[in-house]
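> Sequence:
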Amino acid sequence: MTILIVGAGAAGLTAAYTLLQEGVTDFRILEASDRIEEHLVWYGPTEGFEPDYSIDYANISDYLFQNYTWFDFFNDNIGVPAVKDSLVFDCPVETIDYSGATDGDDPAKAVTATCEDGTSFEGSQIIVTAPIQILQDGDIEFIPELLDRYINVIDRIPFPGGYKIFLKFEQAFYPDIFSSALDPIYLYFYNEAYGEDTETEHVLGVFVSGEWAEESGQWDDETLLDYVVAMLDEMFDGEASQYLIDGVVQNWDREPFIRGTYSHYDNTWRQMDRLRNPINDVLYFAGEAIPASYTNYGNGYAHGAALSGKETAERIMGSGGGSGGGSATMPWSAFPPGTNGVLDYMAHRVHQCVRTSDNICDSSLRKLLLDRFTTCWTGM
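Residues -16 to -1, 1 to 364 (mature numbering (1 follows the signal peptide of the UniProt record, and there is no 0)) make up the sequence shown, in order.
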């Protein structure tokens, strides 16, 4: 049975790699863009950013690797080679039809994902790792439509716009960390080459997010660069213009399949358990906006997305999806009393218990689990 994965970012690739480690080889990764992990971009090389790995060798295939960055190393040796045959690029998913999960059809065809060009893929389960803004904007149509309790959680997750600017200077005339705040304009500056031995090239990073980022993010790159350099000139007596070599803008708002920076939470944390639990044991959500249940940290970061993808793949294995064993069952002791992980674990146990008829899940325990879970769910 094929497992479908929407998105070849940290969550999607880690989910695929986890499945592979469990012996599952039948999966497809549907990526909207023409490359993996669109949220990570490499600019360089420049002084102070020498590759973590510099490899000079020729193998039987006459490959010659020089000036390897860790991006290249990951892409070519760790995550991508193992799953590259399952990657489908330039395939923005427009429709996810998971009605087969309740129609009594062939379990191997419980869900169908259709891309923008009309290409369709059938599977037994699907993991959706698309950025939360893509879901909020309704780019993906779900059939049947998601229940309000899922839509409400998705819509409440903040995913602000923003961009980064990198400025290369001949001299480092600035401190390692500083900021400029003039409401509603807030810019956070940081030394990108902190701790590195640089002499002729120094890189200053600028992070802009929030309301002003959404407004100024509509400007072209040249205007943005001129604005920030002028601001630095005011702060450092014209030294920015004097020592400027070059600059580059990475505007995440303009990336058609991202449209924002990273998620964060106000009072939506408890509701996140709803997105962690599968719909009909077929439709799963994962990604940087949906951190793993065993940690309250990681949302908004690549490692958080990876942990989310790993846990979701393990859940599918524990629910009987695919082949190759593995279990997502976690002991009660893994969750401190009162944490959201308890609700997550209860949901998983309900799914397990309802489908079995062994002595561990007798009728009285099933009723108890269902009653307690329903009480917790409706009380949120």
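By construction, these hints were calculated from the structure, which means they are not laboratory data.
Predicted, not measured: the structure shown is a model, and the values here were computed from it.
Hints may be right or wrong, so weigh each one.
As the list claims (entries may be wrong) - Straight line, CA to CA, 25 Å or less: simulated SDA-like cross-link-like pairs of lysine to any residue:
id	residue 1	residue 2
1	148	264
2	68	264
3	68	148
4	294	264
Said to hold, decoys possible - Cβ pair distances, simulated, as ranges:
id	residue 1	residue 2	range
5	230	194	34 to 40 Å
6	170	86	46 to 52 Å
7	206	86	38 to 44 Å
8	129	18	36 to 42 Å
9	142	73	39 to 45 Å
10	191	86	30 to 36 Å
11	161	238	35 to 41 Å
12	199	162	18 to 24 Å
13	222	129	22 to 28 Å
14	238	74	24 to 30 Å
15	66	163	49 to 55 Å
Yeah, the Cβ is synthetic: ideal placement off N, Cα and C, and Gly gets one too.
> If a hint holds in the structure, say so; if it does not, say that too.
Hints and how they fare:
| no. | hint | verdict |
| --- | --- | --- |
| 1 | 148 to 264 | violated (40 Å) |
| 2 | 68 to 264 | violated (29 Å) |
| 3 | 68 to 148 | violated (30 Å) |
| 4 | 294 to 264 | holds (20 Å) |
| 5 | 230 to 194: 34 to 40 Å | violated (26 Å) |
| 6 | 170 to 86: 46 to 52 Å | holds (48 Å) |
| 7 | 206 to 86: 38 to 44 Å | violated (54 Å) |
| 8 | 129 to 18: 36 to 42 Å | violated (30 Å) |
| 9 | 142 to 73: 39 to 45 Å | violated (30 Å) |
| 10 | 191 to 86: 30 to 36 Å | violated (45 Å) |
| 11 | 161 to 238: 35 to 41 Å | violated (27 Å) |
| 12 | 199 to 162: 18 to 24 Å | holds (23 Å) |
| 13 | 222 to 129: 22 to 28 Å | violated (58 Å) |
| 14 | 238 to 74: 24 to 30 Å | violated (18 Å) |
| 15 | 66 to 163: 49 to 55 Å | violated (42 Å) |
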